[in-house]
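Colleague: As numbered in the numbering used here, residues 1439 to 1913 make up the sequence shown, in order.
Honestly, the hints are just simulated from the structure, not real lab data. Hints should not be assumed to be uniformly reliable.
[Unchecked claim] Derived pair list, reagent style BS3-like, types lysine-lysine, alpha-carbon separation capped at 25 Å:
#, residue 1, residue 2
1, LYS1603, LYS1574
2, LYS1621, LYS1580
3, LYS1640, LYS1603
4, LYS1574, LYS1640
5, LYS1640, LYS1456
6, LYS1580, LYS1568
7, LYS1838, LYS1895
8, LYS1782, LYS1895
9, LYS1511, LYS1456
10, LYS1661, LYS1818
11, LYS1838, LYS1776
12, LYS1568, LYS1547
13, LYS1873, LYS1904
[What the hints assert, rightly or not] Listed next, with one range per pair, are the computed distances between beta-carbon atoms:
#, residue 1, residue 2, range
14, ASP1720, LYS1838, 48 to 58 Å
15, ASN1798, ASN1520, 21 to 31 Å
16, THR1704, GLU1871, 43 to 53 Å
17, PRO1599, THR1704, 50 to 60 Å
18, PRO1560, GLY1767, 42 to 52 Å
19, PRO1898, VAL1647, 11 to 21 Å
20, ASN1798, THR1704, 18 to 28 Å
21, LYS1873, SER1773, 34 to 44 Å
22, THR1855, LYS1608, 34 to 44 Å
23, GLU1663, PRO1849, 46 to 56 Å
For glycine and all other residues, C-beta sits at the position ideal for the given N, C-alpha and C.
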Amino acid sequence: MGCSTSQTVSVSELPQAKTLEILAVNDMHAALDNFPRFAFMVDSLRAIYPDLLLVSAGDNQTGNPANDQYPEKGMPIIELMNAIEFDLSAVGNHEFDSRLVGFEHITHKANFDFISANMEPPADADFRIKPYTIIKTPNGLKVAFVSLLDINANGIPDSHPDNVKGFEFKDPFKTAQDYLFLKDNSDVFIMVNHMGFENDVKLAMQLPVNSVDVIIGGHSHTKVETDQIHNGIMITQAERRLNYATLIKLTMSPDGTLDRDMQLLTVGREGDSRADIQAMVDAYNNNPALTETIAVAEDDFSSYEEVGYLMTDAIRVSSGTDLAFINAGGVRVPSLAKGPIRAKDVYEVDPFGNEMVQFNLSGHEIRSLLLTAFVFDQNKPLYPSGMTTRYLLNPDGSLKNVELFTDDGQPFDMSKTYSVVMNHYMASVYKYERKDPGQGLFRPTAETTIDYLRELKTIPRYSGVKRVEMMVVDN
């Protein structure tokens, strides 16, 4: 007669679900002042989720003079990221603002990985950048991260061409296909892109369904507050400047299915903070040259347009030209408060270090410039000084024509030649017909504006000033 035996299996021996938590930010733009609060939040989350991964989707740099004008340019934000132990960062277009040598230096100073799959540094450079990385978590999950960078119509990121000399860039949509093998070589496959929300959605729709688990996005400063699932792929983004962060929670069941959840967390500056990080930030901010008052504004500036007009007036008057133009993307702050204006405020408005370039252009060439810039800048006009403009749009929003007028509203003399000043970025990226190759003035626009405001002392009201009109016309 046989006998039977039974074996009791404890719950701990049964296959268990594995979890992964990621805190993601993007487009921090050197928001140093939010780091003490952010550091406290990171510590609090790590107390709950000890294996939390901390990830940036790029554009860590540019937007705070305490970082951008630091003797070792760009290092404050990197030192803060090191201090709170970031795991990795995508390469954004503003990572190139430190130029080749500066960016190369930053990649060696960072204690975290930079990743980018569709850019290739110069062969003779020594960048610490990988196309992808795989992190194995303490609970055994293999997490693959790859990153893609947006490329504009000129085949480069949205950066000054001089900043990316020697780099090679590939189409991000085509490059994405080359890294789908990571799905089969990992438990979780994540893209950390700097392409903009709409491009992330476009990419998701081009990829095989469910081929990527999450796209952590940046570049467009989109505030994604609820689940965005496109073609089976979750897409997140946390606005900009450490106003928010996205907490992503992933749960891998024993059968291999993955549950995903995201929560947008408010960061800001208010609330508990880390004292040691605050001390670091205070030291970076301790620069009297940035905090002294250089002029006083009679009224608030309440739009990018008003701030842009002040900038164009500054470079036109300072250079002695007939006209001046600033691109919309060159104005980084949408408002200035009434009262004292500091050098720091100017550098926040204009952080790029672009030098001025002067041209002699006919009215027809100026019109060609305006038409070209509008299309290149995705339907954004140039801010002028010394003239006004009227953009005529088709009902679908496309540009039909642009009309030029003098300051007092009279028709422009299209055959006359005008002296025109603009920043070097504009001179480099706008491809339009002109005879004059231009002459560099070897003076950055921000420093020019600071000197102009020092001399001006009192900044007049720009409220209600309108130099650009947008008019929809019938075909």
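Colleague: Now tell me, hint by hint, if it's right for this structure.
Modeller: Hints, verified against the model:
1. LYS1603 - LYS1574: 35 Å, violated
2. LYS1621 - LYS1580: With a Cα-Cα distance of about 10 Å, the restraint between LYS1621 and LYS1580 holds, given a limit of 25 Å.
3. LYS1640 - LYS1603: Violated, because 28 Å separates the two Cα atoms, which is more than 25 Å.
4. LYS1574 - LYS1640: 29 Å, violated
5. LYS1640 - LYS1456: Violated, because 30 Å separates the two Cα atoms, which is more than 25 Å.
6. LYS1580 - LYS1568: Status holds; Cα separation ~17 Å.
7. LYS1838 - LYS1895: With a Cα-Cα distance of about 41 Å, the restraint between LYS1838 and LYS1895 is violated, given a limit of 25 Å.
8. LYS1782 - LYS1895: Since the Cα atoms of LYS1782 and LYS1895 sit roughly 16 Å apart, the hinted pair holds (cutoff 25 Å).
9. LYS1511 - LYS1456: 41 Å, violated
10. LYS1661 - LYS1818: Given pair LYS1661, LYS1818 holds - Cα atoms ~21 Å apart, limit 25 Å.
11. LYS1838 - LYS1776: Distance ~38 Å between LYS1838 and LYS1776 Cα, so the pair is violated.
12. LYS1568 - LYS1547: The hint holds at about 15 Å.
13. LYS1873 - LYS1904: 30 Å, violated
14. ASP1720 - LYS1838: 48 to 58 Å: The hinted range 48 to 58 Å holds for ASP1720 and LYS1838, with Cβ atoms some 53 Å apart.
15. ASN1798 - ASN1520: 21 to 31 Å: 49 Å, violated
16. THR1704 - GLU1871: 43 to 53 Å: 49 Å, holds
17. PRO1599 - THR1704: 50 to 60 Å: 37 Å, violated
18. PRO1560 - GLY1767: 42 to 52 Å: Between PRO1560 and GLY1767, where Cβ atoms are some 26 Å apart, the hint is violated.
19. PRO1898 - VAL1647: 11 to 21 Å: For VAL1647 against PRO1898, whose Cβ atoms are near 58 Å apart, the range 11 to 21 Å is violated.
20. ASN1798 - THR1704: 18 to 28 Å: 51 Å, violated
21. LYS1873 - SER1773: 34 to 44 Å: Since LYS1873 and SER1773 have Cβ atoms about 39 Å apart, the given range 34 to 44 Å holds.
22. THR1855 - LYS1608: 34 to 44 Å: At 42 Å between Cβs, range holds.
23. GLU1663 - PRO1849: 46 to 56 Å: Since the Cβ atoms of GLU1663 and PRO1849 sit about 48 Å apart, the hinted range of 46 to 56 Å holds.
In this structure, the hints that do not hold are numbers 1, 3, 4, 5, 7, 9, 11, 13, 15, 17, 18, 19, 20, in rising order.
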